[in-house]
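There are 2 protein chains.
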Amino acid sequence: MKRVLSFIALFVLITSTGFAQNQATWIWYPGDFEIWLGNNMQNRRTERGTFLPPFWKLDSHYNLIDFHKDFDLAQPEEVDLFVEGKFNVKIDGKAFSGYPKRITVPAGKHKVSLKVFCQDRVPAIYVRGKNVVSDGTWLVTFEDKEWIDETGKASDQSGTTWLKAGSWNFNDPQQPPSIFKLNTKELSAVNVTPKAGSLLLDFGRETFGFINLKGLTGKGQVTIYYGESREEALATATCETTDHLEIDLTQKRDSIMELTKAFRYVNVQFDGSVSIDSVSMLYEYLPVADRGSFRCSDEQINKIYDVAAYTLHLNTREFFIDGIKRDRWIWSGDAYQSYLMNYYLLFDSPSVTRTLLALRGKDPVTSHINTIMDYTFYWFIGIYDYYQYTGDKVFIQQFYPRMQSLMNYCLSRRNKNGLLEGLAGDWIFIDWADGLSKKGEVSFEQLLFARSLETMALCATIVNDAPNAATYNQLAADVKTKLFTNYWSDTKQALVHSRVDGVPTQNVTRYANMFAIFFNYLDDAKKQAIKQHVLLNPEVPKITTPYMRFYELEALCALGEQSYVTKEIKDYWGGMLNLGATSFWEEYNPAKKGAEHYAMYGREFGKSLCHAWGASPIYLLGKYYLGVKPTAPAYATYSIEPQLGGLQWIDGKVPTPDGDVSVYCSTKEIKVTGAGGTGTLRFKSRTKPVSKQATIRLVSTGLYEMTVEKGKSYEVNYQL
Amino acid sequence: MKRVLSFIALFVLITSTGFAQNQATWIWYPGDFEIWLGNNMQNRRTERGTFLPPFWKLDSHYNLIDFHKDFDLAQPEEVDLFVEGKFNVKIDGKAFSGYPKRITVPAGKHKVSLKVFCQDRVPAIYVRGKNVVSDGTWLVTFEDKEWIDETGKASDQSGTTWLKAGSWNFNDPQQPPSIFKLNTKELSAVNVTPKAGSLLLDFGRETFGFINLKGLTGKGQVTIYYGESREEALATATCETTDHLEIDLTQKRDSIMELTKAFRYVNVQFDGSVSIDSVSMLYEYLPVADRGSFRCSDEQINKIYDVAAYTLHLNTREFFIDGIKRDRWIWSGDAYQSYLMNYYLLFDSPSVTRTLLALRGKDPVTSHINTIMDYTFYWFIGIYDYYQYTGDKVFIQQFYPRMQSLMNYCLSRRNKNGLLEGLAGDWIFIDWADGLSKKGEVSFEQLLFARSLETMALCATIVNDAPNAATYNQLAADVKTKLFTNYWSDTKQALVHSRVDGVPTQNVTRYANMFAIFFNYLDDAKKQAIKQHVLLNPEVPKITTPYMRFYELEALCALGEQSYVTKEIKDYWGGMLNLGATSFWEEYNPAKKGAEHYAMYGREFGKSLCHAWGASPIYLLGKYYLGVKPTAPAYATYSIEPQLGGLQWIDGKVPTPDGDVSVYCSTKEIKVTGAGGTGTLRFKSRTKPVSKQATIRLVSTGLYEMTVEKGKSYEVNYQL
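From first to last, the protein sequence lines stand for chains R and Y.
Residue 324 in the UniProt record's numbering sits at position 324 of the first sequence, with consecutive numbering throughout.
Residue 123 in the UniProt record's numbering sits at position 123 of the second sequence, with consecutive numbering throughout.
Okay, chain R solo, but in the shape it has when bound (with noise of 0.2 Å):
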C-alpha cells in the first residue's frame, strides 16, 4: 500500500508543479480568515467546563467583500465556481442571473468578478478555469464604492482600497477555509492502570488531542480528568480541565470527546453499568516539518533540543499559542518568541503571519493588544524580525495601515514627557515575577516602544512612505535618546528600572538592561557593564520564567559567552527534564520541590507544563551556536559565526527562504553549506587556517572570514 501512496503523491506532485501558475486556492479578505479562526479557536477555552474567552476586543471579518481580476484569453474558457456566501458573478461588470456553478468567459480581455456577502463564516472564492483560477493575485475590497449616478455614469472608484486577496493552502474546492481542521492521528497509551470504576492512562509524554472511549457502553455516568502529572489527574477536585459524560447506550459506540485537551495521564471514572473496551486518543497537529536541526556531544544539550522542538510543535497549532493546556489563546509576547524559535525550526511563514493577523485584528485600536503594552511593542518588533528572516514586503504593503493606527494608539498615549507609563486600562506585563514595579515610566517598555519606532521606520520605506519614515526615525531616535539621559546610572552602571514622577528609581532589573544588548543599542564599555553589573551579578532580581530566562540568555550569547550558556541550559532545562518534563514549563524554580511546581496563580494544578516559551534553546542553539542569521532580509546575505560554548562539536541546519545552511563545527573543523543567499563564515583560529574550497580573510589578529557562496559546501581545517 505504501508504494501507492508515494506514487499517487507523486502523480500530484508532478502535476502541481505542471500547472503550478493555475493551481486555483481559496482566497478572501487578506486578514480576514485569521481572524475569524482565531476567534474560533480563543472561544473554546473551558475551565473545568466553564466558558472563558478573551478579555479584549474581537473582531470580525468584513462580511461584503469584491474580487476581482483582469485576464486575457487566448480562448472561451469554462469556469467552476465555489463560494463561501451569497453571491453575485460579473463578467465586464455584467451580471449572470441567480448563483450559478458554472460561467463561460469569453476569448478577450475580460474582467471576472464576484461579490459575497457572509455573516457567520469568511466570504472565500474558489474560481477553476485554465488560466481563470483564483489566487493571491486577486484583487479585494470591503468597500467597492461602485455607485451609477443619474446619468448612467459610474463612480470612478478612485476612492476605493484593493488589496491583494488572501489565501493560505486550501487548494481543494471542497475543503473551504470554514471548514478547517488540523490534522489528526490516533494514539495509544504507553500505560493502562484499570480498577473498579476507573482506568489511569499514561501516554508516555505531554500530549494534546481528542480521548476516544472506545466500545463505550452501558448507562451511568463518565468523567475524565485530566493530568499534565500524575497528580493532576487523580486530583479529581482541582485538576484543570475535566469531561463529563451522561452515557446511556445499549450497544457498543466509540466516543470522541468534543473538545481537545492537554495532558499525559488521563483518568477515566465511570459509574452504574457503564463499560468502555479502550481508550485511545486522537493526537491533533498542524502538520509541519522541522528543516532546522541541532546536535551536539552533549547527550543532555540533545535531548533538550527534542523536547524543546516537541514543546514547540504542541503550541504551533491554528497559531502560535502561549500554552496548550489553560490559555489556549493568543498572547502576543509569547508568540513573539515562538516567531524566532520557528526561523530555526519550521521556518513556516503561514503560521507567522496568521498569528500577527490575528493578535492585530481591525480598527479601531481600543486598547493594547491583549490590553498589554509590552505586548503591543512585541508585535512590531515580530514584523522587523520576520521581514529580517523572510523578505516578505507583501506583508507589510498589505497591512502597512494597520501597523501605522496601532502606532497611532501608542503615540497618542504618550505623557508630558513623551514615553510611555500604564494608563487606565494598560497591562504592563513585563514578567511573572514578584515585587516586580509596574510604576510611572518603566525603562524597559521605553526601550521597545523605540525598537518599534524602528520597525515602522522600516516599513514605512518599504511602502515609500518617506515623509513618515522620517518622523519614525526622528521618534525613534528622540526614545532612545531619552533612554540613556534618563535611566543610565553611572552609580548603578546599568539603566535602572523606572522613573516615578520625573525621578529615577536606583532598582536595578535585568530586563531593559538584557535587552539593550541584543538591540545593539549600547556601546561596548557598556555592554561589559551590564554584563558584570547586572547579567552577572547575583545581587540583581533572577528571572524563574523560561519567557525572561529567553532574553537573558541570549544577551550573554550576543556578549559571547556561550560556555557559560551551555552550563545555564543544561542546569535551567536539564532541571526540568531531570523532574522528568516531556515538555518545557511556563515557569520553573528550582528551590521547589516535588508537586509544588505545578502550582501557580494560587491553584494547585495551574502552571502549564507546555508552554512555547519554554521551548527557547531551539533558538539560541541555532542562531548562537550554530551561528547563522540574515544580514540582509530574506537571508540575502547571512553570517555564519559557529561557537561551540564548551560542546566538542556541534552539527545542524538553519532553514532560510531559499535553502538550508548546513553547519558542522569541531575544535579543529567546520564544515559549512551555503542556501540561497550569500553567506559570510566568521571564526577565531590560533593557527592560520585551511579550506580547499575558499580563500580565507584575516579579520584581525586571530579572527578569519570567508565567503560562503549560494549552495557551496566548504571544509575549514583550524584550531580553536
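No wet-lab data here; the hints were simulated from the structure.
Keep in mind it's a predicted model, so treat the numbers as computed, not measured.
Certain hints may be false.
A pair counts as met if it fits within one copy or between any two copies, since identical chains are not told apart.
Said to hold, decoys possible - Derived DSBU-like pairs (lysine-lysine); straight-line CA-CA distance at most 30 Å:
no., residue 1, residue 2
1, Lys219, Lys101
2, Lys57, Lys101
3, Lys684, Lys94
4, Lys94, Lys438
5, Lys688, Lys592
6, Lys57, Lys109
7, Lys219, Lys482
8, Lys439, Lys527
9, Lys492, Lys181
10, Lys57, Lys111
11, Lys94, Lys688
12, Lys90, Lys57
13, Lys86, Lys57
14, Lys86, Lys181
15, Lys393, Lys57
16, Lys219, Lys86
17, Lys164, Lys671
18, Lys57, Lys164
19, Lys629, Lys542
20, Lys111, Lys592
21, Lys86, Lys185
22, Lys214, Lys86
23, Lys57, Lys94
24, Lys69, Lys57
25, Lys57, Lys542
On the provided structure of chain R, position chain Y as indicated by the hints.
Below, chain Y without anything else, positioned relative to chain R:
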C-alpha cells in the same frame, strides 16, 4: 371572537403594567442588532434573480460581549437564562460550570454577569427572575479587560467603557432577536384574469409581501412577473423582479415565495402539467399604529394624505427604506425625510434609532454614509431633529463617540478653504436632476455641513463635553460666515450653486436657498429675496423629484405661503393620483405620458412607484397646516400655529412623547387640546378673539397667542 381578544389584550396590559419594572427583555450591545439586521435586510436585494448587495462597507456586531448588573435582593431568587451564543455566567465574578439554564442568586448585594460569544448572530441575553431581569439598565462592553496579574490582583477595569444595553421589544424568551421577522397577514387579489397557462392578478393597490401559490401541483415551470404597474407585470422581458420555480409535485401544496416583492399586479405563468388553485399574498408589515391624523375640507388633499400615509407605512419596515421595489437599502437622505414624516404620523422612535444606527455602522469611518457626502450630513441633522422631537438624551450619550468619529472624518477632508468638495470616492448627490453640477465647493453641501456642526455642538453640550461644544460652535459659525461671503450674490439675490477654483459660479439652483430658509440662516430681507428670485422664479430649474419638492414646499410653508403650497400639493401629488397612483413615486414629471412615467435609470420599469420621499404631505400638513412643532426638546414647550392654506377647515392630531396635540381650525373657530408639555397657540384674527378656557394675549396688530396647558382643551372664536 373580538370581545375575547379585547379582554386578553386588556389583561396583558394590566399584567405588564403591574410588573412593569420587572419586565425582562432581550438585550445586546447597543447598535449591534440594528447593524446585524441591516446587513440581513440589505443583502436580500435581487435584480431579476441576481443578488445585488450594497456598495459600501457593512460592519458587524461585536462578537464577544460582557453584560452585568448589580442587584440587592431581599430574598434569594431563581433566575432563568436564555442566551444567543456560547456563554458563561458569574455571580460576583465566580463562574458557574457549563451553560446553566437556571441559577439561584442569593439574597443581598450581588453582581450578575454573563459573557457571550456569537459570530453569526448578535450576542444577546434574556434573564428572568423576580427582580433579576435583563433590560436597558444592564451595562455592556466589548472589552472587559478583566485580567489578573501574578499576585492575583484583578485589573481595575478603569479603561473599560460600559454602555447601557440595547433592547427593542423582544419580551418573549422564545423569540430571540435572531429570529426577528416582520408581521404578515394574508390578502387576496381584487381581480384575477385567468388564461391558459397564466393568471394575472390585481391586488387593488401597491403592496408588499410574499406571493402564495395555493394548491400548486403538476410538473413544469412557474414564473412570476411582478409589476407595480399592469404594464410592468406584462413585460416579461423587462419587469424588474421575478420568481422562477421548477415544479414536480404529485400532491397539491401551497408554495410561499422565499423573498418578498413589491407589486400591485402579478403575472403568474406556468407550463407543462402545472395547475394552481389560487394565488394570494402574505402582506408583510411593521406593526406600528398611526398616531397623527389629518382631515380637511378638500377631499383631494384628504386622499393625498391617506396615500402618503400608506406610502410611508410600506417603506417603514425593519428600517426606513427608500422604496419597496428596487433598492430596499437604507439611504440616509431618504430616511431623513421618513424621520420627519414619522414625527407627524407614527412617532415611532425605535424606527428612527434603528435606522440611524444601521446607517452609521461602526468605526473606522472609511467613506461617507452610503458614500454620499450630503447623506452623512443628513445623518447628523437627523439626530438634531430626533432630539428636538423626542428629547432622548440616552441615545446621544451612548453614540456621541460615533458622531465624533464621523465628524472627524468630515473635518479631515476639508480643503484649504476649510470647505468640503468631492474627493476620490465621494458621491455628491444633492438630487436626481439633469445637468446638476457637482464640481468644486457646492453651497448646498457647506450649508448641510454647518447644520451638522451645530448638531455636534448641541450633542457635545448634552454629554457635558464643553471644550468640544465650543469648538463645534466655532466651526459652525465659520462655515456659516463663509456661506454668505462666498455664495451670496447681490446680483442674483440668492446663494449661487458653487465655487470652482475659488470663483463663484453664476448658476442659481434652489437647493441651498430653500434649506437656508427653514434652517433660519437668513434675515428677513434675504428670505424675501430668495422667495421672489428663486422659489417663485420659473427661470430657476424646476425640481422634479418628490425628494426635493419636500424641502421646496417646506421653505414656502416656512415663509407663510401655505395657499401656494396647497395648490402645488394638489397639482403634483394630485397629478400622480390622477394617473392612478396608489402610492407616491420616486419621481414625477407631469410632462411625461402613459408608461413613460415608469421608466428611470435607462430602464423601462426602473422607477419606483412607492418611494418614502413621496410621502411628504404628511409632514407639511402636520407641521405647517396644523402648525404643531416642538420649541424645546420632547415638546416640553411647543407652538401651535394653524394655517388653513386656502382650505375651509383642517382637523387633526400631532403626536408627542406625552400625548397628542389635537387641532381643529376653520376661518372662525380654533379648537385645540394640549399634550404633555406647554403649548403656545398663535393665530391671526381680524376681530378680537374669545375663549372661555384661556386668556388670549395680543402680540402685535392682529396677532394673538394663548397658553395651552398640559392635556387641556380650548375653543377660540376668531375671524381669519
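Hints, verified against the model:
Only between protomers do lysine 219 and lysine 101 lie at most 30 Å apart by alpha-carbon distance; the minimum there is 24 Å, versus 48 Å within a single protomer. Taking CA atoms no more than 30 Å apart as the test, lysine 57 paired with lysine 101 passes between copies only; the shortest distance there is 26 Å, against 37 Å inside one copy. For a Cα distance limit of 30 Å, the shortest separation of lysine 684 from lysine 94 qualifies neither inside one copy, at 70 Å, nor across copies, at 61 Å. Only between protomers do lysine 94 and lysine 438 lie at most 30 Å apart by alpha-carbon distance; the minimum there is 27 Å, versus 60 Å within a single protomer.
For the identical chains of this complex, lysine 688 and lysine 592 are neighbours neither inside a copy (50 Å) nor across copies (101 Å), given an alpha-carbon limit of 30 Å. Only between protomers do lysine 57 and lysine 109 lie at most 30 Å apart by alpha-carbon distance; the minimum there is 29 Å, versus 44 Å within a single protomer. For the identical chains of this complex, lysine 219 and lysine 482 are neighbours neither inside a copy (70 Å) nor across copies (83 Å), given an alpha-carbon limit of 30 Å. Within a single copy, lysine 439 and lysine 527 get their C-alpha atoms as close as 26 Å, which meets the 30 Å cut-off; across copies the closest is 63 Å, which misses it.
For the homomeric pair lysine 492 and lysine 181, neither the shortest alpha-carbon distance inside one copy (53 Å) nor that between copies (71 Å) is at most 30 Å. For a Cα distance limit of 30 Å, the shortest separation of lysine 57 from lysine 111 across copies, 22 Å, qualifies, whereas the shortest one inside one copy, 38 Å, does not. Within a single copy, lysine 94 and lysine 688 get their C-alpha atoms no closer than 75 Å, and across copies no closer than 71 Å, so neither meets the 30 Å cut-off. When the C-alpha separation of lysine 90 and lysine 57 is checked against a cutoff of 30 Å, the pair qualifies only between copies, where the shortest distance is 20 Å, while the shortest distance within a copy is 36 Å.
Proximity of lysine 86 to lysine 57 under the C-alpha cut-off of 30 Å is found in both arrangements, the shortest distances being 27 Å within a copy and 16 Å between copies. In this assembly of identical chains, lysine 86 and lysine 181 lie within 30 Å of each other by CA distance both inside one copy and across copies; the values are 23 Å within and 20 Å between. In this homomeric assembly, lysine 393 and lysine 57 come within 30 Å of each other (Cα to Cα) both inside a single copy, at 28 Å, and across copies, at 27 Å. Taking identical chains as interchangeable, the C-alpha atoms of lysine 219 and lysine 86 lie at most 30 Å apart only when they sit on different chains, with a minimum of 28 Å there against 45 Å within one chain.
For the homomeric pair lysine 164 and lysine 671, neither the shortest alpha-carbon distance inside one copy (42 Å) nor that between copies (68 Å) is at most 30 Å. Both within a single protomer and between protomers do lysine 57 and lysine 164 lie at most 30 Å apart by alpha-carbon distance, with minima of 26 Å and 18 Å respectively. Proximity of lysine 629 and lysine 542 under a CA criterion of 30 Å is satisfied intra-copy only: 29 Å inside one chain copy versus 74 Å between copies. Taking the shortest alpha-carbon separations for lysine 111 and lysine 592, neither the intra-copy value of 67 Å nor the inter-copy value of 38 Å comes in at or below 30 Å.
With identical chains, the CA atoms of lysine 86 and lysine 185 are at most 30 Å apart between copies only, with a shortest distance of 28 Å across copies and 35 Å within one. Taking CA atoms no more than 30 Å apart as the test, lysine 214 paired with lysine 86 passes between copies only; the shortest distance there is 29 Å, against 41 Å inside one copy. Only between protomers do lysine 57 and lysine 94 lie at most 30 Å apart by alpha-carbon distance; the minimum there is 22 Å, versus 40 Å within a single protomer. When the C-alpha separation of lysine 69 and lysine 57 is checked against a cutoff of 30 Å, the pair qualifies only between copies, where the shortest distance is 20 Å, while the shortest distance within a copy is 34 Å.
In this assembly of identical chains, lysine 57 and lysine 542 lie within 30 Å of each other by CA distance neither inside one copy nor across copies; the values are 34 Å within and 52 Å between.
Of the numbered hints stated above, those contradicted by the structure are hints 3, 5, 7, 9, 11, 17, 20, 25, listed in ascending order.
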